[in-house]
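Quick mapping for you: the protein sequence lines, in order, are chains A and B.
Using the numbering used here, read the first sequence as starting at 3 and increasing by one per residue.
Using the numbering used here, read the second sequence as starting at 320 and increasing by one per residue.
These aren't lab readings, by the way, just hints derived from the structure by calculation.
Just so you know, these numbers come straight off a predicted model, no measurement behind them.
Each hint should be verified, as a subset may be incorrect.
[To be verified] Here are some of the chain B residues that sit facing chain A, going by a computed Cβ distance under 10 Å:
hint	residue
1	Leu324
2	Thr330
3	Thr331
4	Leu332
5	His334
6	Phe335
7	Phe336
8	Arg337
9	Lys338
10	Pro339
11	Ile340
12	Thr341
13	Gln343
14	Val388
15	Pro390
Just so it is clear, CB atoms sit at the ideal spot from N, CA and C, and this is done for glycine as well.
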Amino acid sequence: MIVNIIGELLKIIIIFSVIMGIVAYMTLMERRFLGFFQLRLGPNRVGPGGLLQPIADGIKLLFKEDMTVLHARSFYFILAPIISFVAVLLCFAVIPFSGTMYITDLSVAVLYLMAISSAGVYGVLLGGWSSNNKYSTLGAYRAAAQMISYEIPMALALAGVLILSGSMSLVDIVNAQKGLWYIVMQPVGFLIFFIAVSAETNRTPFDFLECENELVAGYQTEYSSMKFGMFYMAEYAHILLASCLITVFFLGGWNGPVLPALVWFFAKVFAVFFLFVWIRATYPRLRYDQLMAFSWKFLLPLAFLNLMISAVLVVALH
Amino acid sequence: MIKPLLDGLKTTLNHFFRKPITLQYPEEKWSPPERFRGQPVLIRNDEGEPRCVACGLCEKICPCGCITVHPHTGADGRRQLKRYTIDLLRCCFCGLCVESCPMAAIKMSSRYELANDRKEACVLHEQDLMEKIGPVSDVSG
Chain A
3 MIVNIIGELL KIIIIFSVIM GIVAYMTLME RRFLGFFQLR LGPNRVGPGG
53 LLQPIADGIK LLFKEDMTVL HARSFYFILA PIISFVAVLL CFAVIPFSGT
103 MYITDLSVAV LYLMAISSAG VYGVLLGGWS SNNKYSTLGA YRAAAQMISY
153 EIPMALALAG VLILSGSMSL VDIVNAQKGL WYIVMQPVGF LIFFIAVSAE
203 TNRTPFDFLE CENELVAGYQ TEYSSMKFGM FYMAEYAHIL LASCLITVFF
253 LGGWNGPVLP ALVWFFAKVF AVFFLFVWIR ATYPRLRYDQ LMAFSWKFLL
303 PLAFLNLMIS AVLVVALH
Chain B
320 MIKPLLDGLK TTLNHFFRKP ITLQYPEEKW SPPERFRGQP VLIRNDEGEP
370 RCVACGLCEK ICPCGCITVH PHTGADGRRQ LKRYTIDLLR CCFCGLCVES
420 CPMAAIKMSS RYELANDRKE ACVLHEQDLM EKIGPVSDVS G
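Let's have the full structure, built from the sequences with the hints guiding it.
Shown next, in the form of structure tokens:
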């Protein structure tokens with residue numbers, strides 16, 4: 003019993019430290035890739051090829067003055083980054099990195115994911131509101147509206163996957179893709195999910211809650227030092243989570259020939275992450291009302307249609 | 320509507336695989352074009368002496384008055400160069416001294432890293448003007 007608990011705890015600690023390490027190096031990867039996309043080199047001065055840059059960034063953030071502005075509601079102000087960060091990390095509990103490498107295999111993992119990732123909105127909303135600053139508040143409202151709007155097409159796109167796999171457990175979903183990846187059977191669902199998840203993670207072209215040129219830095223405006231660092235880490239952890247989810251739901255998870263399962267999984271995650279950076283380097287941010295209209299008037303009907311067609315096909319073919 | 324989006328992705332991917340244009344300055348140095356006007360240098364003759372005959376034309380033509388030429392009479396009774404000073408803080412790198420020189424004894428080099436933390440170090444004397452650059456013998460005319 004005790005040994006079991008200690009074993010589980012060790013597994014959790016190892017998985018989370020690996021995730022944090024990956025998140026730290028994702029910041030470096032993103033900055034270097036963006037550099038290459040813009041014919042620059044990106045950060046390459048700290049350590050060989052810039053490999054120590056995330057550590058330097060972390061040390062810099064820690065040594066910055068940790069400010070809480072006078073007019074902020076300090077309790078919520080401190081709570082907000084913690085909520086953001088914890089909500090994202092909790093989602094990793096159900097991600098299967100390989101057939102045996104996961105913290106837990108919930109039978110309602112998809113529901114759990116939707117519920118917990120929605121809680122991340124509270125971090126952003128509380129952070130913006132408690133800063134008591136018009137730009138932060140505007141950013142937070144935008145973020146809340148955007149994240150909630152895009153969660154619906156995202157859930158509907160996932161419903162198509164659930165119909166095919168007949169299970170809500172992520173391990174079962176991956177096992178069901180042994181033969182054919184769901185990206186082949188659900189191409190529209192994949193597109194909808196990809197767009198919605200980019201909006202969820204607030205990536206360019208959906209980065210309306212930061213939106214430097216309109217809102218300074220949105221909900222993060224008043225944050226400094228490690229509180230800002232936590233928002234930042236939450237953001238990148240969210241991108242990692244999104245890449246993991248796309249891999250699990252549409253790219254066959256750890257399935258693949260020859261190479262070990264973990265290698266396949268992280269290769270796919272890396273490919274999806276690269277796609278995110280590629281898109282960030284390519285597209286501009288549109289107008290806020292266009293973003294909302296796109297979700298409600300285009301993505302949502304399309305997701306419904308996709309769900310209906312896949313349901314009909316599944317019933318007709320069986 | 321979809322095609323322009325894909326075109327955009329293609330363009331950025333092309334850029335991703337192109338060579339970055341960043342010059343990593345202290346390690347990689349920029350090589351200036353042939354006719355670049357950097358710090359003026361004095362040219363030695365084959366005996367290692369300056370070709371300058373201390374006529375003072377460069378001093379006269381210099382629009383910012385940054386050149387000072389001190390001649391003296393040598394052992395053979397000919398006019399010789401004693402001291403030659405260029406105040407780089409005043410120099411405007413116009414190259415008129417090079418054009419006016421009848422002996423082609425001064426040349427604009429390609430040296431462009433001229434920053435210094437002391438003002439005095441920016442006033443160059445004949446030994447700095449020659450020694451630091453080394454012999455520049457490829458100048459004709």
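*Should the interface hint for Pro339 of chain B be scored as holding, given a Cβ-Cβ cut-off of 10 Å against chain A?*
holds, 5 Å
*Measuring from the C-beta of Lys338 of chain B to each C-beta in chain A, is the shortest one below 10 Å?*
holds, 8 Å
*Using 10 Å as the Cβ threshold, decide whether Thr341 of chain B counts as touching chain A.*
Constraint on Thr341 of chain B satisfied, holds at 5 Å.
_Hint status (Cβ of Thr330 of chain B to nearest Cβ of chain A, threshold 10 Å)_ = Hint holds; Thr330 of chain B Cβ to chain A Cβ min 8 Å, cut 10 Å.
*Are Thr331 of chain B and chain A close enough, Cβ to Cβ, to be under 10 Å, as the hint says?*
With a minimum Cβ separation of about 4 Å from chain A (threshold 10 Å), the hint on Thr331 of chain B holds.
_Hint check: 10 Å Cβ-Cβ cutoff, Phe336 of chain B to chain A_ = holds, 8 Å
*Can Pro390 of chain B be said to touch chain A, with a Cβ gap under 10 Å?*
Given a least distance of 51 Å, the restraint on Pro390 of chain B is violated.
*Can His334 of chain B be said to touch chain A, with a Cβ gap under 10 Å?*
holds, 6 Å
*Holds or violated: Leu332 of chain B as interface residue toward chain A, Cβ cutoff 10 Å?*
holds, 7 Å
_Under 10 Å is the threshold here; is the Cβ of Leu324 of chain B close enough to any Cβ of chain A for the hint to stand?_
Holds, about 8 Å.
*Is the hint on Arg337 of chain B kept, meaning its closest Cβ partner in chain A is under 10 Å away?*
Holds, because the Cβ-Cβ distance from Arg337 of chain B to chain A comes to roughly 6 Å (cut-off 10 Å).
_Hint check, Val388 of chain B versus chain A [nearest Cβ-Cβ separation less than 10 Å]_ = violated, 45 Å
Hint compliance for this structure: hints 14, 15 are not met, and every other hint is.
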